[in-house]
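Since each chain sits alone in its own frame, please combine them into the complex, following the hints.
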Amino acid sequence: MRKMLLAALSRVLQGPAAARTVAQVVVASRTYADFASEATFEIKKCDLHRLEEGPPVTAVLTREEGLHYYKTMQTIRRMELKADQLYKQKIIRGFCHLYDGQEACCVGLEAAINPTDHLITAYRAHGYTFTRGTPVREILAELTGRKGGCAKGKGGSMHMYAKNFYGGNGIVGAQVPLGAGIALACKYFGKDEICVTLYGDGAANQGQVFETYNMAALWKLPCIFICENNRYGMGTSVERAAASTDYYKRGDYIPGLRVDGMDLLCVREATKFAAEHCRSGKGPILMELQTYRYHGHSMSDPGISYRTREEIQEVRSKSDPITLLKDRMVNNNLASVEELKEIDVEVRKEIEEAAQFATTDPEPPLEELSSHIYCNEPPFEVRGPNQWIRYKSAC
Amino acid sequence: EPTEPDGVRRPRICLIACLILREKHTRCAPQVTVRDALNQALDEELERDERVFLLGEEVAQYDGAYKISRGLWKKYGDKRIIDTPISEMGFTGIAVGAAMAGLRPICEFMTFNFSMQAIDQVINSAAKTYYMSSGMVSVPVVFRGPNGTSAGVGAQHSQCFAAWYGHCPGLKVVSPWSSEDARGLLKSAIRDDNPVVMLEHELMYGVPFEMSEETQSKDFLVPIGKAKIERPGTHITLVSHSRPVGHCLEAAAVLAKEGVECEVINLRTIRPMDVETIEASIMKTNNLVTVEGGWPQFGVGAEICARIMEGPAFNYLDAPAVRVTGADVPMPYAKILEENCIPQVKDIIFAVKKTLNI
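Those protein sequence lines, which keep their order, are chains Z and S. Take the first sequence: its position 214, counted from the start at 1, is 214 in the UniProt record's numbering, and no numbers get skipped. Take the second sequence: its position 184, counted from the start at 1, is 184 in the UniProt record's numbering, and no numbers get skipped.
You may find that some hints are simply not true.
Listed next, with one range per pair, are the computed distances between beta-carbon atoms [said to hold, decoys possible]: (1) Glu52/Z / Gly154/S: 50 to 60 Å; (2) Asn376/Z / Asp78/S: 53 to 63 Å; (3) Asn340/S / Asn386/Z: 48 to 58 Å; (4) Asp49/S / Ser237/Z: 47 to 57 Å; (5) Arg51/S / Ile91/Z: 36 to 46 Å; (6) Gly71/S / Leu366/Z: 48 to 58 Å; (7) Gln387/Z / Leu221/S: 24 to 34 Å; (8) Glu363/Z / Gly152/S: 51 to 61 Å; (9) Ser237/Z / Leu221/S: 47 to 57 Å; (10) Ser280/Z / Lys79/S: 14 to 24 Å; (11) Ser217/S / Asn386/Z: 15 to 25 Å; (12) Cys395/Z / Gly102/S: 13 to 23 Å.
Hints were generated in silico from the structure; no laboratory data involved. Given the structure is predicted, the values throughout are model-derived calculations rather than measurements. We treat Cβ as the ideally placed atom computed from N, Cα and C, and that holds for glycine.
Okay, chain S solo, but in the shape it has when bound (with noise of 0.2 Å):
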């Protein structure tokens, strides 16, 4: 459902009784959602860069399938917002082509089930080809669009692809949590010479955050490559990515409770990943929980556990590493069946106790 950007409204409303009480404006720092972060980073980088374009299923006059989109079509016209029948092998294909020619389009896929009709294109046509012509072709294209888990929409429409595009070099994967993250990453993302899969979540799109002055502004850029930590703590390492991230502070902020301190790890970035951060949290915390959407098979988790072992944080683990996953299983449809299949507060917090083993 499309929502206002009312996140703006408050901060104007304190802004002019602020003024009417001549008291410095610094107490709210305006909400933004992440849809609305998400727009202002395509309205900006559009205007930026003659070459930027979108295109994908009802990006334009539908004003995006969850309003990602919302008003560009009426501002930039139909050159540089484009509709496309439901073909998404063929405008993939046609996004990528162009990025070789010289353009830079950012391709939505409806919800990122839908790439894997596209997926030679992506792999094959454009993580590829700047390694086999040595350089003499780069392909600077944006995919972006919902990831992993909706709310009861089924097995066929709730995959998480990080681990399947993570695989891949050439590629560029990114995964942003909150509205900076989304903003930051998507003007990287649009900035950046390679192709890069920006994968967001459904359910993020309406969660506001607060956003400082600094990261409003039309260059701030967040690194890809580059963990973030969330919350630092000391007894335990929690690394994550996308909607989890908020479910680890969330456990967090339970544990602190009972007196258990959590470092939460926003990876922000799957593909390159940031090893290093996590390995310097581990040699301070010296114990590892990873949490992610995905299922638990050669996931983003299993990735980070066997990196963790080839390196220095190794020594220090006083536990082995444990992972919390989505259940091995295709999604289903009904409520209680579909929320025992995703990585609950609940679970993180056992998984937390289990390793410490309190």
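Chain Z with its partners taken away, still in its complex shape (with noise of 0.2 Å):
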């Protein structure tokens, strides 16, 4: 213990060459053996659609698992707000969807299927390409449209991609069949794996939904079909836009589940429910996600107009889902107040670095307009505005 606190010292001695806080001097004194290894914890019983019995009412954290879900949603968080603050610079343009108040979601449901599953969702995307394994540099740089960026500035806010994760999808609904489709190849390809098929509460009232859900349940297609429902299609609140509002019975025949999107040991008990319920060949299964985004649709939408900000408010005070795990691992003993505020710094220092790239980055070059139109063709002439000017398609 003394030797410790002479080596903490020391190194303050040695001023900012040393560059440590004082935060992690303190921090430094302490050992891992003071912190438990996991707690149980109560959550949310799900509300149940066509189920004898549904996730487990507690779940168990080890403090290696908060850790890196903190980090995770704390990054998706910071990610977001960077963009925000990009767009508003004028160095992102067009659309961006983004995804501060859900991170509970992705994260959860990441947690609880395997890096071989698949994942598809709409164009609120940027925390499951995260999630998926895009580098945050990659996805700021694909925002900005540099040829850094994980579709090289093709793509855009909507449109970007990883392993086993099929977008960011801009036509509203357009994804929900495509997921049907990617669970009927995990099904003829017989590898155990299953589909992860998420739209919004506006979404949810498309008619190709439920010629998908039609289709996924007579073929007992593996999909989990997941309406993140943050209360508001655009400016449109659920009850101004559906019939029936409780989109986890929306399936019918379907089994369906409605969890508490804002606590991510909620959605991942319940992720871990459906993906066995699908593993074992029942067929599909539907999780209606209670979740709340803080920003409005999109970067040109203020969100004030069709809510209010006192409604906002109280959501970010008691609901917000970084600050409920924060609580969880602090008030358990499974990490400390400063080990938590090192860790955001480690992520503003991450997030900081990816925006000095993705603002730095050249765009792509202009023979990127002619390439991947078709895939494995010979070299072909394509047309640009007039009839002189001719691009070569590489590939």
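Set out below in structure tokens:
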């Protein structure tokens, strides 16, 4: 103990070169043995539709898991806020639909499935792009339209892809049949993989969603349909859009769960339950995640003409997913406040570096304009704005 | 109405006769209908690659609405031949998603008129994804079915979609006329790693064509993007696709008696269009007439004319290019009205004579 204190003191006395804060010095004097390795939490019971039993009402969180979930959610939060900043500086253009407030959904989901499982979502996709394995710098560089973006600048906010992640889809509801098709491939190949297919409360009223429910149930496709209900489809509240707002029941003959989407552990346990249902060959299942977005629908929507500032503030103060996890961890000795602050600092630094990359990386070369039109095709000429401007498609 | 593959019976009888008479069996090449050519191609490609499967309305137990998939469900079963509910947007999206995840689906539209309900999935999900993902996600899917006119089916069931799909980058669009076209293009389409729209023609399904031994081989492919000169000529170029190619050949036969030799080009592919073959032909004949079943405005013929103006062949034209198309109306039902909405042989002959000023 004394040795440690002396070591810490000497580091402080080394001055700014040591670049360590007081908080870190204090942490250095506590060992990992001071923390609990895990804790059990009570989670909200899910509402069930056509199910005899649901997910468990308690969840075990290990210290390691907690720190990982915290860092991931914080990264997504700060990444989205950075995107907000860059958009207001006009460095990001076009559509930008931010995910802050909904972090528990994508992080809880990913914690319950395998990297070999498949996932597809709509346009509010930056969180999923990250949890499915794309580095922040590639996400931000895609938003700023640079060649270092995950789609080389050709996709933009709504069209980011990764291994076993099929975007990022701009047409509301179109991703739902696509997801069932991916699930069909999972069943066809027989590798015990599933597809998680997400859509919002707005998309839940699309006809093609119901066509998909029918075929997925008929053919017992291993598909978890997930409705991320953030209460508003653009500016239309759920009460004004749907005759039935029980989105978890809208699959009719498909069993459903309504889940607290602000509680990461609730999302994780429910998804584990749903994944097991699909993998056991029972067919599709539907999950409604009740969640909330702090930003408006997109960057061109202030988000206060159809809802009140008070409502937003209430959710922030009472149900913020990151705060919820932080409180749980600190109150149960899974982590210290300082430790989590350290993670915050680390995350901020990473986001800053990523933003630096995203604002300095060059735009894609003009040749990119004509590439990736066809797959595995010998080079051909592509017409530009007039007959004399021709590009060669290299790939 | 389903037809028996009697095109195969005749050669068999001939073969037996030849064996008895100890004559060399060369005289009759088998006659194969477009339907049977498609059926055989599907069978061979399903056998060749396990990832290939067929989905659509009535493709399995009904043997296909137009019997194109006859016998396939009995042979390959529920996993490979899938009957869908009447949910075009849904099952088209499912086909596209399956392709993204590594399968090679063939999505049948009972007719392309119904594809309009699913067109968002064809264009926004299939055609554009390889580009938007900068090559990360490919979509090897084939959309096929009968396109264009039939006989007395009315306005909602008679539209040609060549111009609609031909408009979009990221798609390949093919339009077979003969059995050889149908077989070779379907195989190429299935083996292509891109979304391919194959516009068949219902009235061609029952038409038999001679097919050489080479075209009957399992790896016979018609390359996508290459037109075929069906009949060489010197006085005028006729460019067409699908059923009207046959009408062009009939018109050419009539005109030949009057000393006019038409070069008939079968486009085979709408997108990417083989403009070079058309240009080379015009540089030889100096005259152009395009023939299509679809509506005139913003159509295939319009595109050909525009492209010719931009290239070297323009200076070789002795007269403005002329288009023969479907009439600019929704298709009426009464026989006399319908007949006059579809380009006839006489309409092609008239256009040729007007162009050549004879």
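Each hint, compared with the structure:
The hint said 50 to 60 Å for the Cβ distance between Glu52/Z and Gly154/S, and at roughly 51 Å that hint holds. Range check, Asn376/Z to Asp78/S: about 31 Å between beta-carbon atoms, so the 53 to 63 Å window is missed. Under the hint 48 to 58 Å, the C-beta atoms of Asn340/S and Asn386/Z, about 39 Å apart, miss the expected range. Checked against the hint of 47 to 57 Å, the pair Asp49/S and Ser237/Z passes, with Cβ atoms roughly 49 Å apart.
The hinted window of 36 to 46 Å between Arg51/S and Ile91/Z holds, with their beta carbons roughly 43 Å apart. For the hinted restraint 48 to 58 Å between Gly71/S and Leu366/Z, the CB-CB distance of approximately 52 Å keeps it satisfied. Between Gln387/Z and Leu221/S, the C-beta spacing of about 31 Å keeps the proposed range 24 to 34 Å intact. Checked against the hint of 51 to 61 Å, the pair Glu363/Z and Gly152/S passes, with Cβ atoms roughly 56 Å apart.
For the pair Ser237/Z and Leu221/S, the supplied restraint of 47 to 57 Å holds, since their beta-carbon distance comes to about 55 Å. A C-beta distance of roughly 19 Å is found between Ser280/Z and Lys79/S, which places it inside the suggested range of 14 to 24 Å. One distance hint, 15 to 25 Å for the beta-carbon pair Ser217/S and Asn386/Z, is violated here, with the actual separation near 44 Å. Between Cys395/Z and Gly102/S the CB atoms are about 20 Å apart, so this pair conforms to the stated range of 13 to 23 Å.
Going through the hint list in order, the structure does not satisfy hints 2, 3, 11.
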